[in-house]
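From just these sequences and the hints, can you work out the full model?
Chains as they are written, first to last, in the working numbering: chain A, 1 to 148; chain B, 1 to 381; chain C, 1 to 410.
By construction, these hints were calculated from the structure, which means they are not laboratory data.
Among the clues, some could well be false.
Below, a sample of chain B positions facing chain A; criterion: calculated Cβ distance under 10 Å [unchecked claim]:
| no. | residue |
| --- | --- |
| 1 | Arg22 |
| 2 | Thr30 |
| 3 | Arg41 |
Model, not experiment: these values are computed from the prediction.
Note that beta-carbon positions come from the ideal geometry of N, C-alpha and C, so glycine has one too.
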Amino acid sequence: MMEETRIVQGTWDISTFKFRIEGVGLRRMLENMKEGKLVGTKCHQCGMVYLPGPFYCRKCHIEINEPAEVSDHGEIMTFTIGYADVRGNPLEEPRIAPVVKMDGCDSWIMGVLQGVKPEEVHVGMRVKVQWAENLTGSLQDMQYFVPE
Amino acid sequence: MEKNVAIVGYKMMNALDLVTSRERLTFDLTRGLFNELGIDRLAVDTTILDSNDFLDGRTISNVFLDPQAGVYMRDESKVEMDGLNAVLYACMRILSGQYQTAMVMALGLTGSQVSPYLHIEYTLDPTYDRQVKLLNELSAAALQARSYLAKYGYSEELLDGVAAQNLGNAALNPYQARRISGISKDQVKGSAYYYEPLRELHCFPPSDGGCAVLLASEEKAKELTDKPVWIKGMGQSIETYFLGERDLFTSTSTTQAAKRAYDLAGVTDPKKQVAFAEISSLFAHQEPLLAEALGLLDKGQAAGAYQVGETAIDGKLPINPSGGPLGAHPISATGLVRLAEAARQLRGEAGDNQVREAGMAVVHGQDGACAQQNAVVVLGI
Amino acid sequence: MRNVGIIGIGYTPVFVSKRKDVNIPEMISEAVDNAFANTGLTAADIDAVVFGNMQTFEGVNLPHLWAADYIASLGKPVMRIATGGTTGMSAFHAGYYHITSGLHDVVMVVTYEKQSEGDSQVGLMGIITPELMAMLSAGIDVTGGSGMGAIGGGSAGGISFQASSYLHHSGAGIEHIDAQAALERRNAAKNPYAHLKDPEATAEKIAQTPMVSWPIRFGHICPTSDGATVAILASEKAAAKIADKVAWVHAVANCASDATTANLIESQITDPAEQMPAIIASRQAYERAGIKDPKREIDYVEIYNGFAHQALMYLEKVGMCEVGEAHKLQEAGELEMSGRMPVNASGGVVSTNAIGTSAMNRVTECALQILGRAGEHQVEKEVHKALAHGWGGLMQYVTITILGDKPKKG
Numbered sequence: 001m002m003e004e005t006r007i008v009q010g011t012w013d014i015s016t017f018k019f020r021i022e023g024v025g026l027r028r029m030l031e032n033m034k035e036g037k038l039v040g041t042k043c044h045q046c047g048m049v050y051l052p053g054p055f056y057c058r059k060c061h062i063e064i065n066e067p068a069e070v071s072d073h074g075e076i077m078t079f080t081i082g083y084a085d086v087r088g089n090p091l092e093e094p095r096i097a098p099v100v101k102m103d104g105c106d107s108w109i110m111g112v113l114q115g116v117k118p119e120e121v122h123v124g125m126r127v128k129v130q131w132a133e134n135l136t137g138s139l140q141d142m143q144y145f146v147p148e
Numbered sequence: 001m002e003k004n005v006a007i008v009g010y011k012m013m014n015a016l017d018l019v020t021s022r023e024r025l026t027f028d029l030t031r032g033l034f035n036e037l038g039i040d041r042l043a044v045d046t047t048i049l050d051s052n053d054f055l056d057g058r059t060i061s062n063v064f065l066d067p068q069a070g071v072y073m074r075d076e077s078k079v080e081m082d083g084l085n086a087v088l089y090a091c092m093r094i095l096s097g098q099y100q101t102a103m104v105m106a107l108g109l110t111g112s113q114v115s116p117y118l119h120i121e122y123t124l125d126p127t128y129d130r131q132v133k134l135l136n137e138l139s140a141a142a143l144q145a146r147s148y149l150a151k152y153g154y155s156e157e158l159l160d161g162v163a164a165q166n167l168g169n170a171a172l173n174p175y176q177a178r179r180i181s182g183i184s185k186d187q188v189k190g191s192a193y194y195y196e197p198l199r200e201l202h203c204f205p206p207s208d209g210g211c212a213v214l215l216a217s218e219e220k221a222k223e224l225t226d227k228p229v230w231i232k233g234m235g236q237s238i239e240t241y242f243l244g245e246r247d248l249f250t251s252t253s254t255t256q257a258a259k260r261a262y263d264l265a266g267v268t269d270p271k272k273q274v275a276f277a278e279i280s281s282l283f284a285h286q287e288p289l290l291a292e293a294l295g296l297l298d299k300g301q302a303a304g305a306y307q308v309g310e311t312a313i314d315g316k317l318p319i320n321p322s323g324g325p326l327g328a329h330p331i332s333a334t335g336l337v338r339l340a341e342a343a344r345q346l347r348g349e350a351g352d353n354q355v356r357e358a359g360m361a362v363v364h365g366q367d368g369a370c371a372q373q374n375a376v377v378v379l380g381i
Numbered sequence: 001m002r003n004v005g006i007i008g009i010g011y012t013p014v015f016v017s018k019r020k021d022v023n024i025p026e027m028i029s030e031a032v033d034n035a036f037a038n039t040g041l042t043a044a045d046i047d048a049v050v051f052g053n054m055q056t057f058e059g060v061n062l063p064h065l066w067a068a069d070y071i072a073s074l075g076k077p078v079m080r081i082a083t084g085g086t087t088g089m090s091a092f093h094a095g096y097y098h099i100t101s102g103l104h105d106v107v108m109v110v111t112y113e114k115q116s117e118g119d120s121q122v123g124l125m126g127i128i129t130p131e132l133m134a135m136l137s138a139g140i141d142v143t144g145g146s147g148m149g150a151i152g153g154g155s156a157g158g159i160s161f162q163a164s165s166y167l168h169h170s171g172a173g174i175e176h177i178d179a180q181a182a183l184e185r186r187n188a189a190k191n192p193y194a195h196l197k198d199p200e201a202t203a204e205k206i207a208q209t210p211m212v213s214w215p216i217r218f219g220h221i222c223p224t225s226d227g228a229t230v231a232i233l234a235s236e237k238a239a240a241k242i243a244d245k246v247a248w249v250h251a252v253a254n255c256a257s258d259a260t261t262a263n264l265i266e267s268q269i270t271d272p273a274e275q276m277p278a279i280i281a282s283r284q285a286y287e288r289a290g291i292k293d294p295k296r297e298i299d300y301v302e303i304y305n306g307f308a309h310q311a312l313m314y315l316e317k318v319g320m321c322e323v324g325e326a327h328k329l330q331e332a333g334e335l336e337m338s339g340r341m342p343v344n345a346s347g348g349v350v351s352t353n354a355i356g357t358s359a360m361n362r363v364t365e366c367a368l369q370i371l372g373r374a375g376e377h378q379v380e381k382e383v384h385k386a387l388a389h390g391w392g393g394l395m396q397y398v399t400i401t402i403l404g405d406k407p408k409k410g
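Printed below as a string of structure tokens:
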């Protein structure tokens, strides 16, 4: 057993990294959000509709690129209520994060739910997107979800 | 080996910058491989992926490559070392009798997204080597190069010659990233020193690349291709981490790994029985050094052998007819690319890089500073 | 297929939050030395080594290179496996295939994690770095409300959706999660190699811990532990010469799904509580092991539960009971060490989590139960066959191992 040990500092520097991510589906989604519309991608083989649209279908393993509009109304599939952040510091207010399946879409998206008390949230609850007043074609155009 | 395992198809992509994402590259390699073989993802019984968290900039990076590789709801595992080792694992899975087909895919985007030297840097001891900062991938390789040249009395000319030959081969190879047509020894010698005696053109280039290979049992191989390439033997070994305790002018772990592979393949006289070799030599000096350790060159005779063109594409025992890693080093995939290049040769598909006699090939992959760990595979037709 | 057995196990003497007295290779060597001491084997007896851990947690790339001298691996084949949380079992599976391939006879599997040396949150957030960067470049303030809602923040956030959905589908309540955490911390008190031990743990005490993200309470979450685990595997022939009691591998299986991040960069297409990969992998394992009725034939289960609800959820998904039945078995005391379906007598991952080891510990703990060597945490019923489960990634990558007290026939 060591009697005396020493601690030395180190780093894992990823600030020098440049990530490339697929742009087509995201760009299509953002462009349409500027019009207050949600547009994903449909797989022409199995019919799955994804939002945001990936460049391929997970099940068929083929390239896909057919635009598919989905509703901005949907259903809560599951949810959680956050009370602390990732480092364990308590949040000022509980934050309700639902995962929502928009009507016409097969994939789910996560967001924040406003306008309800935590006790009221339930699986199956109908919600809709609260669009920002000025739509700029950024992810923040979808401000949050509110009850339908 | 009790059963026969074959390579039935391969797909590679290399460029200094592929202008792609890891996800897209994964899809292109695997979908591309399936298209060429006329199969879909359900024909693959198990998959071994290989990428490096530190280079991908994210934890458990393979998790995000699963669906793109066609592994959605399928059997898959991951090796995190040079891609040739993933082939060993995939081969074991078929040899066990549990699986008939296994896909191996590896990639590294160190041309466009991240510095390639971080890979080795982070393998160094964080309590000492990373604090003192004298060692990095290049300085360690330079120490090895100096030790090798001094041991046999070679001059730096040997490095220029090896590099020029490899870069010349790479210029002929559409699968390579750094292709300099008309490359000459003088041009190599004219490149700047990184760490003496290693110059820029003696060292691998930062590059993007990846490779996917499909392995199959003997039964399945016959259904999938009429040009199977058989895995005759394989082996691995590792040396001590501490450079000061290693003989840097040779590679004992490569010799040990080769012995395991040769024993399985029934190779007793490599210089006679092996037709050509694809070696993961990341620096010019490593090619003759590793070739000696593999028993393909006599120790101390490298300068002479390269001088008379013994290791050239049309030579007695071609080494890296593809151009080797001096043409592209997609970290995590390099050894797998060597395997695919060797398979290309054995199938007679190597175009301008084709060696005359493609009978039995030795493939090598490495990990760690100055090739601390090595893997060897013997292929035949 | 060749039969493979576990002939030796070695743990670091303790699994704790911070081992300040050893560095990484030194810590791992303790487990290696213990495995040798427990079996009477030496480095010369080992044909090959498999090595696994989640390396971004310590900031050392390919640590088997630095640790080579410390793990009796010089001059041997060494393979490194890394599959996130389930690395331990994936490494074990690789060891299994080393032997079933016919190429090796005695293989040592080395797993570890020394999270105290890294920043775990960096490691965890590192899972979604590109999404974070993409969000930033798309103008989203990732620290603000909508940003965090868009990402789900770290491991706990994502898992809360799973726990929430599990409660909805199974009819279990948060009190059952509290009770499961308490049960396992009580079990842990009887396991010298466990980290969080509490012989007096109760559901009520767990219910008093702060709520992190409903329904996950602080008391439901695993610790981060420093530790290493080594298992020595052997072929039937080699085992006959070396060991008198062996825990035999009857089947291994695994299945990968997709990363369910459900953020605005990657869409989610599956319910995180559905766990199709667990269903597929376990059924495949039963078929390979020749097991027709797991509820009757499997005597003991170790589930990878970094979060307490997962013990219940996965018990259902691996087919040991129907969906909605696990919490009833718990209420009836059947999941206790004294019960008819004992689970996680070791204390589970919720009591000890040195990530690289955690999935392999599920296997080694099953082995100890079969060998009758679990000491104070040996379950009451006789254990002839056991199932070990692991998951990794973003809740979607599952590994299964089935062990038995005799070699598999046929």
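We went through each hint and held it up to the structure:
For the restraint placing B/Arg22 at the interface with chain A, the shortest Cβ-Cβ distance is roughly 8 Å, inside the 10 Å limit, so the hint holds. Below 10 Å, beta-carbon pairs count as interface contacts, and B/Thr30 has one with chain A at about 8 Å; its hint therefore holds. Proximity of B/Arg41 to chain A holds as hinted, the smallest CB-CB distance being about 5 Å (cut-off 10 Å).
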